[in-house]
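Turn these sequences into a full structure, and let the hints guide you.
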Amino acid sequence: MKLGLHISNFTWPEGPAKLAPTLAEIASAADEAGFERISVMDHLWQIGVIGPPEHEMLEAYTTLGFLAAHTRRAKLLTLVTGVVYREPGLLAKAVTTLDVLSGGRAILGIGAAWNADESAGLGLLFPPTKERFERLEEALKICRQMFDGDETPFDGTHYRLTRPLNSPLPLARPPILIGGGGEKKTLLLVAKYADACNLFAGPELQHKLDVLRAHCDTVGRDYDEIEKTVMFNIDPGERGERVGEIVDAMRGFAGMGITVTHGGIRDAWDTKRFEIFRDEIIPAAEAL
Numbered sequence: 008m009k010l011g012l013h014i015s016n017f018t019w020p021e022g023p024a025k026l027a028p029t030l031a032e033i034a035s036a037a038d039e040a041g042f043e044r045i046s047v048m049d050h051l052w053q054i055g056v057i058g059p060p061e062h063e064m065l066e067a068y069t070t071l072g073f074l075a076a077h078t079r080r081a082k083l084l085t086l087v088t089g090v091v092y093r094e095p096g097l098l099a100k101a102v103t104t105l106d107v108l109s110g111g112r113a114i115l116g117i118g119a120a121w122n123a124d125e126s127a128g129l130g131l132l133f134p135p136t137k138e139r140f141e142r143l144e145e146a147l148k149i150c151r152q153m154f155d156g157d158e159t160p161f162d163g164t165h166y167r168l169t170r171p172l173n174s175p176l177p178l179a180r181p182p183i184l185i186g187g188g189g190e191k192k193t194l195l196l197v198a199k200y201a202d203a204c205n206l207f208a209g210p211e212l213q214h215k216l217d218v219l220r221a222h223c224d225t226v227g228r229d230y231d232e233i234e235k236t237v238m239f240n241i242d243p244g245e246r247g248e249r250v251g252e253i254v255d256a257m258r259g260f261a262g263m264g265i266t267v268t269h270g271g272i273r274d275a276w277d278t279k280r281f282e283i284f285r286d287e288i289i290p291a292a293e294a295l
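For the sequence shown, our numbering assigns the number 8 to the initial residue and increments by one for each residue that follows.
Calculated directly from the structure, the hints in this document are not laboratory data. C-beta: ideal position from N, C-alpha, C; glycine also.
Listed below are the simulated DSSO-like cross-link pairs for lysine-lysine, each with C-alpha atoms no more than 30 angstroms apart in a straight line:
id, residue 1, residue 2
1, K137, K192
2, K137, K148
3, K137, K199
4, K191, K9
5, K279, K25
6, K148, K199
7, K148, K191
8, K199, K100
9, K9, K148
10, K100, K192
11, K9, K100
12, K9, K199
13, K148, K100
14, K9, K192
15, K279, K9
16, K137, K191
17, K137, K100
18, K192, K148
Pairwise CB distance ranges (calculated):
id, residue 1, residue 2, range
19, V107, K148, 18 to 24 angstroms
20, N240, A27, 22 to 28 angstroms
21, P210, R167, 42 to 48 angstroms
22, P59, T159, 44 to 50 angstroms
23, E293, S35, 18 to 24 angstroms
24, R258, G227, 31 to 37 angstroms
Pasting the structure below:
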């Protein structure tokens, strides 16, 4: 089992003036502690389950570039990019740039988007659900094509690229992770196009995996070649009081075939928490 650190909150006690050095410290500590990846949300307003929209939120790909400069090993991604926030040609270029400048550590996390209020507030495209999924499928095709250096013109329903040139190419083709557990559309797109999926922990997790397996059978995809990841609260507590609970949960995930746990961070963690991960949780996870 590998661990990822998911940073979803930037409203920290010392305010925006200290945000950059605090974020750099968190990223460096996570990298040194052994987190396999670091992710951020692709939102421009804070989301309701974490705080009010007025709370601080950083644009995702600028932030990932900053994180690349303050880490050496961890892979970098969004959980996940809303497909309608960027034209797919620009998105492929942004992820490729991140990959080149980070030394081959980029992952493309992508989904159909859901935040209508944020999009309306900032004047972003937010078509109906059916169209967003159509755009997601086309974007997946375009990104795969551009990552591979294929300049064949793309003529889709929603996107037309006359020359999808991508120079330089990524150092290694960035894996594509699709976030979400929608059974009819999202998990089918995972089976058809993705290298990985991201699901939420909960009583339906095994069922979602079974649905994905069925879709893989339908499209002729090897279910086992898709990396399965899950979102789960991994805060160990100030004194490590939740370590046993976290390890037990990861043991259950491993039994389902999950290989990566993405853990949320809502506060600027102190050094002690990263020491708990380095000394207790990450070694236990790697042994699963």
